[in-house]
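Given only the sequences and the hints, what does the whole structure look like? Please build it.
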Amino acid sequence: MSDHKKLGVALAKELCPVCTKQMDGPILMNTRLTPGEADKVEKFHGQLIGWSKELCPECKEMKEKGFILIGAVEKKTTDVTNPYRSGNIWVVAHSVATNLFGENPPKSGIAFIDVTVAHQMGLPNVNLNA
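Heads up: the sequence shown begins at 93 in my numbering, then just goes up one per residue.
None of these hints come from the bench; they were simulated from the model. Among the hints, erroneous ones may be present.
List of simulated lysine to aspartate or glutamate pairs, EDC-like, C-alpha gap at most 16 Å [stated by the list, open to error]: (1) 113 <-> 153; (2) 113 <-> 146; (3) 199 <-> 146; (4) 97 <-> 134; (5) 97 <-> 131; (6) 105 <-> 146; (7) 145 <-> 116; (8) 97 <-> 129; (9) 105 <-> 116; (10) 98 <-> 131; (11) 98 <-> 129; (12) 113 <-> 150; (13) 105 <-> 134; (14) 199 <-> 156; (15) 98 <-> 134; (16) 168 <-> 206.
Right, dumping it as structure tokens:
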């Protein structure tokens, strides 16, 4: 029997897509049972690999209360798929989301909103200096 480990396992980390908090992600395992592939997988243990498809428990609880708006700074955003965040997160009634987005607000129940729009809406504690 060989002393070389052929199976690698890692628990990776992911970010909550709302608050960006790190949380446990997927368990990774190699499918090619070789020492080299096992080592590659184990290097991912505890490493951040990207955005989670799920919300953290705190953000799930917020979403149950209403529609989540994430503050963004349009002027500092260089990638529309990953807006520059202001640090603000608000939960508003679904009726507010309908007024903001029309009859078809995002089905996810979550959307980015520019801080200047949030300020005009009167949302509290808007970080205009982000």
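Do the hints match the structure? See the list:
1. 113 <-> 153: 14 Å, holds
2. 113 <-> 146: Judged against 16 Å, a Cα distance of about 12 Å means the pair holds.
3. 199 <-> 146: Roughly 15 Å between the alpha carbons, so the hint for residue 199 and residue 146 holds.
4. 97 <-> 134: 11 Å, holds
5. 97 <-> 131: 8 Å, holds
6. 105 <-> 146: Answer holds: residue 105 to residue 146 is near 12 Å, not above 16 Å.
7. 145 <-> 116: Distance of about 12 Å is within 16 Å: holds.
8. 97 <-> 129: Between residue 97 and residue 129 the Cα gap is close to 10 Å, so the pair holds against 16 Å.
9. 105 <-> 116: 5 Å, holds
10. 98 <-> 131: 8 Å, holds
11. 98 <-> 129: 8 Å, holds
12. 113 <-> 150: 10 Å, holds
13. 105 <-> 134: Answer holds: residue 105 to residue 134 is near 13 Å, not above 16 Å.
14. 199 <-> 156: With Cα atoms ~14 Å apart, residue 199 and residue 156 stay inside 16 Å; holds.
15. 98 <-> 134: 11 Å, holds
16. 168 <-> 206: With a Cα-Cα distance of about 11 Å, the restraint between residue 168 and residue 206 holds, given a limit of 16 Å.
In this structure, every one of the numbered hints holds.
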